[in-house]
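So the sequences go chain by chain: A and B. With the working numbering applied, the first sequence covers 10 to 345. With the working numbering applied, the second sequence covers 8 to 146.
Simulated from the structure, these hints should not be mistaken for lab results. No experiment lies behind these values; they were computed from the predicted model shown. Don't be surprised by glycine CBs; every beta carbon is placed ideally from N, CA and C. Some clues are possibly wrong.
[Stated by the list, open to error] 30 Å max Cα-Cα, derived BS3-like pairs, lysine-lysine:
hint: 1; chain 1: B; residue 1: Lys-41; chain 2: A; residue 2: Lys-219
hint: 2; chain 1: B; residue 1: Lys-144; chain 2: A; residue 2: Lys-341
hint: 3; chain 1: A; residue 1: Lys-341; chain 2: B; residue 2: Lys-137
hint: 4; chain 1: A; residue 1: Lys-259; chain 2: A; residue 2: Lys-17
hint: 5; chain 1: A; residue 1: Lys-259; chain 2: B; residue 2: Lys-87
hint: 6; chain 1: A; residue 1: Lys-180; chain 2: A; residue 2: Lys-144
hint: 7; chain 1: A; residue 1: Lys-305; chain 2: B; residue 2: Lys-64
hint: 8; chain 1: B; residue 1: Lys-47; chain 2: A; residue 2: Lys-341
hint: 9; chain 1: A; residue 1: Lys-252; chain 2: B; residue 2: Lys-111
hint: 10; chain 1: A; residue 1: Lys-223; chain 2: B; residue 2: Lys-41
hint: 11; chain 1: B; residue 1: Lys-47; chain 2: A; residue 2: Lys-252
hint: 12; chain 1: A; residue 1: Lys-341; chain 2: A; residue 2: Lys-144
hint: 13; chain 1: A; residue 1: Lys-219; chain 2: B; residue 2: Lys-144
[What the hints assert, rightly or not] Cβ-Cβ distance ranges computed for the label pairs, FRET-style:
hint: 14; chain 1: A; residue 1: Asp-213; chain 2: B; residue 2: Glu-135; range: 52 to 62 Å
hint: 15; chain 1: A; residue 1: Asp-220; chain 2: B; residue 2: Met-40; range: 22 to 32 Å
hint: 16; chain 1: B; residue 1: Gly-81; chain 2: A; residue 2: Glu-327; range: 21 to 31 Å
hint: 17; chain 1: A; residue 1: Lys-18; chain 2: B; residue 2: Ile-86; range: 37 to 47 Å
hint: 18; chain 1: B; residue 1: Glu-138; chain 2: A; residue 2: Arg-262; range: 39 to 49 Å
hint: 19; chain 1: B; residue 1: Met-108; chain 2: A; residue 2: Glu-104; range: 48 to 58 Å
hint: 20; chain 1: B; residue 1: Ser-25; chain 2: A; residue 2: Glu-327; range: 32 to 42 Å
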Amino acid sequence: MKGKRVDKKTIEVGLNQFLSDDRNLVLGFAKEPDGVSHRIFKNELGPLSLFNPYFGINGAFFLRRMFSKGQKLLLLLRPCEIRASVELVKLTQTERESIIAVSVDCLGALSSKDASDGLPDDYKEIADILASSEKVRPACKTCKERRGIVGNAGIRVGQDGTLWAVPYDEKGVEFCGLFAGDNEELPAAMLVGEATKTEPFLSDMTEFSKDFAKCIMCMNCRDMCPVCFCIDCVFNGNDYLPKGDALLNKIFRGGTTSLPSGKELFHLIRMFHVSQTCVGCGACEEACPQGIPLTKYFKGISERLQGMFSYTSGRNVEEQIPYLTFLEDELKDAAD
Amino acid sequence: MAEEAKKDIPEIVGFACSFCSFKASEMAGSLRMKYPEGIKIVQVPCSSRVDPAFVIKALFEGADGAFVAGCHPGDCHFIKGNYYTRRKIAALKEMFKAFSMDKKIKLFWVSASEARRFVEKVEHMYKEIKEGNNEGKKG
Chain A
10 MKGKRVDKKT IEVGLNQFLS DDRNLVLGFA KEPDGVSHRI FKNELGPLSL FNPYFGINGA
70 FFLRRMFSKG QKLLLLLRPC EIRASVELVK LTQTERESII AVSVDCLGAL SSKDASDGLP
130 DDYKEIADIL ASSEKVRPAC KTCKERRGIV GNAGIRVGQD GTLWAVPYDE KGVEFCGLFA
190 GDNEELPAAM LVGEATKTEP FLSDMTEFSK DFAKCIMCMN CRDMCPVCFC IDCVFNGNDY
250 LPKGDALLNK IFRGGTTSLP SGKELFHLIR MFHVSQTCVG CGACEEACPQ GIPLTKYFKG
310 ISERLQGMFS YTSGRNVEEQ IPYLTFLEDE LKDAAD
Chain B
8 MAEEAKKDIP EIVGFACSFC SFKASEMAGS LRMKYPEGIK IVQVPCSSRV DPAFVIKALF
68 EGADGAFVAG CHPGDCHFIK GNYYTRRKIA ALKEMFKAFS MDKKIKLFWV SASEARRFVE
128 KVEHMYKEIK EGNNEGKKG
């Protein structure tokens, strides 16, 4: 595989050239006085940061129902965020043509809840922070794809710290064309390697109920999930989670109930609904005010269910989501 | 007393396709075959109408088991609906396997003429769940 050797300066020059067109935008991380956050750049590149040691929101969250009118949006985000954006393209929540997705190698991240001042944007310092901290997010500890090999192009970090811009398709070639330099052969080993395979997730209802006992049903996990996109969610309204009069009716019909009711129902149904599209970014856990280990369940289940169909969410934009397609000759033992 | 006797009867919610499995259950009735009274069938226009959320809701709102019944693969009235069902319910079973609850969900293929097969399948499921419930009470 070939790529271009770039550095921060080259990237800034290239992106400024990209932004000189009025219709082009860049969504990436920006170094703000009070930390690193997502920012959409227009006209000129501000304080761009390629890396972000803290994870708060999945950037693909902002792409939902973002339909361009001729504009182009360049994403410079973590692999999990790019993968979520790919899933949103498949779910027709955003337009494929208007997005150039560039994944940047990720070293893992700390929770934004543990954010402190003096954020570094250099990969070496981030690696040091992560190595010295025990607070690496559970989602990042079990991440299955940290390499920037998804989307149209990737920015990879070599073992010696050189940055490489690597195209994966035509749009990626266009992106790499922004930078000066020649295509060179990539080194075989990069700083961020392949993730180790994990055991299939196994739990039971006792453990599940115990973990979710703290849930207050605020539904922040649903609202902050990048791929939980339905406008008309099944949990809005009284069908699944009755409120008010409907709750009263249910109690008269079915008897005593604990409140808030339907915790298991809510999480299991949501777990199934996002099972094929979950990218395991851990935005749900980040949003949870009660510190419930959501990633453990959502990621475990989604990996298990995606494995059934040899599918990985966000790997390839051409792949169809398994529930929306089928093979005639499969799952012979599904029926009892 | 009546309450307790009621509790011994497991309740099973079934989602049956109106073109085959539901017809089979009707045929079982007209042939005077019997299946346990705890089995409550919901008629759906196609087995792929069943969002796994329905099954999860049935189980967490009091049912002891739930099944989805549709036409044999390839025989769907809507050409390919039951292929989607197969994927969805197989994935749902896999999810419940992770929580060691996979015995509560079943997927049946029953065509309109297979009244006997329908009765056998639901009776077998009913017995399994009843035994499971009794064991749970003893332990």
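Taking each numbered hint in turn, which are not upheld by the structure, reported in ascending numerical order? Hints 1, 2, 4, 5, 6, 10, 12, 14, 15, 17, 18, 19 are the ones this structure does not satisfy, whereas the remaining hints hold.
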